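Peer 1: The listed protein sequences derive, respectively, from chains A, B and C. According to the working numbering, the first sequence is numbered sequentially starting from 234. According to the working numbering, the second sequence is numbered sequentially starting from 550. According to the working numbering, the third sequence is numbered sequentially starting from 12.
I should point out that these hints are in silico values taken from the structure, not numbers from a laboratory. Check each hint, because a few of them may be wrong.
To be verified - As a list, the in silico DMTMM-like pairs of lysine to aspartate or glutamate whose alpha-carbon atoms are at most 25 angstroms apart:
1. B:LYS771 x B:GLU630
2. B:LYS809 x C:GLU220
3. B:LYS716 x B:ASP557
4. B:LYS606 x B:GLU561
5. C:LYS69 x A:ASP408
6. C:LYS172 x C:GLU191
7. B:LYS822 x C:GLU146
8. B:LYS716 x B:GLU672
9. B:LYS771 x C:GLU146
10. C:LYS188 x B:GLU657
11. C:LYS90 x A:GLU405
12. C:LYS160 x B:ASP557
Please read all numbers here as calculations on a predicted model, not as lab measurements.
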Amino acid sequence: MIRDITIGQYYQTDSVLHRLDPRVKLLGTLVYLVSLFCFHNPAGYAVALLFLILCIRLSHVPFGYMIKGMKSIMFILMITILFNLFLTSGTVLVSFWKITITVEGLKLAITMALRLCMLIIGASLMTLTTTPNHLTDGLEKGLRFLKVIKMPVHEIAMMMAIALRFIPILLEETDKIMKAQLARGADFESGGLVRRARAMVPLLVPLFVSAFRRANDLAMAMEARCYRGGDGRTKMKPLIYAGRDYAAYIILLAYLVISIFLGRWSVMTELLTSL
Amino acid sequence: MDIVKAKDLVFEYIRRDEEGNVEGISTAVDHVSLQVAQGDFVAILGHNGSGKSTLAKHLNAILYPTEGTVWVDGKDTSAEENLWTVRQNVGMVFQNPDNQIIGQVVEEDVGFGPENLGVPTKEIWERVEESLRAVGMYEHRKHSPNRLSGGQKQRVSIAGVLAMHPKCIVLDEPTAMLDPSGRREVIRAVRGLNDVEGITVILITHYMEEVIHADKIFVMDKGQLVMEGTPKEIFSRVERLKELRLDVPQVTLLAHELRKKGLPIPEGILERKELVEALRNLK
Amino acid sequence: MAIIVDHVNYIYGQDTEQAVHALQDINLQIPDGQFIGIIGHTGSGKSTLVQHLNGLLKATSGSIYYNGQDIYDEGYNLKDLRSHVGLVFQYPEHQLFEVDVFSDVCFGPKNLGLSKKEVELRAFDALRQVGFPEELFYTSPFDLSGGQKRRVAIAGVLAMKPDVLILDEPTAGLDPKGREDILDMVKRLQQESGMTILLVSHSMDDVAEYVDRILVMDHGRVVFDDVPRQVFSHVEELEEMHLAAPQVTYILRDLKKAGIEVDENATTVDEAASTILQAFGKK
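Model the full assembly from the supplied sequences, consistent with the hints where possible.
Peer 2: Below, the structure is given as structure tokens:
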């Protein structure tokens, strides 16, 4: 069940986006997400959509694969649309039984749905084209400036990397323990909420014990291999900017300028009309 | 030159109950003295709880002696300034293959040690390649460790240690969780390191078949060193080994039984060929 | 006829690109009271097969009958089946969770909805059966040694009073003495209670001495199904599957080739010793 969620899981292929430095992709995603909330006019959406389509084409990730991953969040999307559709007041478009749909509601629902879809696809595009390793490397190096304010950036990145390595192992372990308890007549499925929560004890206790044992073993193995934090460490795969990364930064800057301009423009037109 | 030397090594630990009150003091290693020569293949045998793993952890400065001294390459492991030299000189491979691989890709895991040592990037790549080749895992360098078999994972762990260019590798029951073919793979890789690269190997195990080619065997029981000698010397004392709750290879056991029943066969037979030869000579 | 496995196939990850045909057309009859060894290397399908016998995995096609009833029939009580066909997983100590040993063993019978008195009676019996010392009944299972933890875990399944007991690699990771203790205990259980026992293992040496019948699995198929001495006579085929016959089997074959008249199908050290002694006119 947990394994079915494929939203934004790394898709192995070769593309410009895959080869980009993770720091570029992290910043780019951030800029894109912020820009989505700046626009209030169709022109802005068109630019954002165009930019997204360009990135999707560049990524070589099949669009179908991206959409498949979104199934799990369809539910949230539907709720947002319905809320906006039925609960916005304004000029009545259709009205039947107790339900009324307003023009404003319809507009809002469409823009919200569009915005959410772009948001999710935009964010998942980064994880689709970046291996978890690369991502943590990018975070470590990209956020290095936070060290000044005593943020343990290296440690956080290392923790993320280890967590990513152990998630599949612990999932498999959960499956094994679950089967072992089923074989002892355990019942994880019937009964009310309290009973079900209680039924988890035979699963969670062994899982925690095992996680701690693994953590202990791993810490020892890391020490034995001379691990002593981030200072004085070299990198096997250091992050170095290439020409394409600078190009990407320039494109990003251009996008930023356009979106700020469009955002301002919409504010300005609003100002003008109000005058 | 002795790469590892221990003199009167004692390790005690304090047992506490749930409230943290001291229940008693246990001695895991009890006055052990031993020497391992550079380039040797040495095995340490003993059942679970005999203190062999505790001893091993002293060789890499994960544990420090309560009494006595351990030297690695002439350096006292208890001295703080020697810590990183000691850990670099003596690599450790542990029992559970899943719990010692850090990287999500085989080659990145092997690079972890050299990264910690501050080796320049270009040299890390060279070391990773040569280490993976030495254990026969080079073609798997881009794979996720989760997809490998137990034996392959342990070979990756060995490569990870090898990339740190140690003088000595300590393997703490590296085959206990593997199936027979995984065990064979790992032991073959370890013997290769010793024969080809000349690295000192200290193998801790309870599988006797794995140690018949060792230069020297130490047997531990209740924290003490109780036997020491070549495989032939050790395995000629079948009754003593049984007393120590150790397993004897079937060939040795069979030879021993036949000898007891009156067939004039030499003691300490370790290999099939030897026994068949001895019996043929009797005919 | 306790268990009948009829044309069972199991495909893992069906509908995906990495579909694996884990079991291929398995047909078996397991009569009451037999002691069966299931052998195969990692990935041969042996663990998958035993998980079908208590309904934890459902066959992609084919049927399994327990005491004449199809376990895939609608309304068939799988929970009830699991109490009759007890399955002890590999490293079963990883399933322990209660505050003390006794409560942990009570978990199984409690799930069967028995009275408190009956539950405790069964837990007590089960712990006695596995030879667990009474003075440790109320200690935390996490404070026990590896071998003891494993006994407790086995008792946890025994307390459900199963008619069939399946043990998946019950000796993995134990030292030689621990291995022998567990196997002796299992043999005693079978003799005293008349339970049907299936022992999954990758070690021929472990199995040869104890079982009445061996199933050899490879690539999801049952390749051999016979008494031990017959199975071990297929040395070459076993080797191809990365399995080996017990060492003594090889010695006897070598002797026979060298012209010494011995019974080459002996599988244990004792049997081998007596046939060799006979050949040399002793005894």
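Peer 1: For every hint, state whether the structure bears it out.
Peer 2: Comparing the hints with the structure gives:
Distance restraint check for LYS771 of chain B and GLU630 of chain B: the Cα-Cα separation of roughly 32 angstroms exceeds the 25 angstroms cut-off, and the hinted pair is therefore not satisfied. With a C-alpha separation of about 21 angstroms, the suggested pairing of LYS809 of chain B with GLU220 of chain C holds against the 25 angstroms cut-off. This hinted pair checks out: LYS716 of chain B and ASP557 of chain B have alpha carbons roughly 23 angstroms apart, not beyond 25 angstroms. Of the supplied pair hints, the one linking LYS606 of chain B and GLU561 of chain B holds, its CA atoms being roughly 13 angstroms apart against a limit of 25 angstroms.
Between LYS69 of chain C and ASP408 of chain A, the direct Cα distance comes to roughly 15 angstroms. Compliance with the 25 angstroms bound is thereby established for this hinted pair. Only pairs whose Cα atoms come within 25 angstroms are accepted, and LYS172 of chain C paired with GLU191 of chain C is accepted, the gap being roughly 24 angstroms. The suggested pairing of LYS822 of chain B with GLU146 of chain C is violated, with an alpha-carbon distance near 49 angstroms, which exceeds 25 angstroms. Taking the CA atoms of LYS716 of chain B and GLU672 of chain B, the gap is near 18 angstroms; set against the 25 angstroms cutoff, the hint holds.
For the hint linking LYS771 of chain B to GLU146 of chain C, the alpha-carbon distance of about 23 angstroms falls within 25 angstroms, and the restraint holds. Of the supplied pair hints, the one linking LYS188 of chain C and GLU657 of chain B is violated, its CA atoms being roughly 39 angstroms apart against a limit of 25 angstroms. Between the alpha carbons of LYS90 of chain C and GLU405 of chain A the distance comes to roughly 23 angstroms, so the proposed pair stays at or under 25 angstroms and holds. With a CA separation close to 33 angstroms, the supplied pair LYS160 of chain C and ASP557 of chain B exceeds the 25 angstroms bound.
The structure fails hints 1, 7, 10, 12 (numbered hints given earlier, in ascending order).
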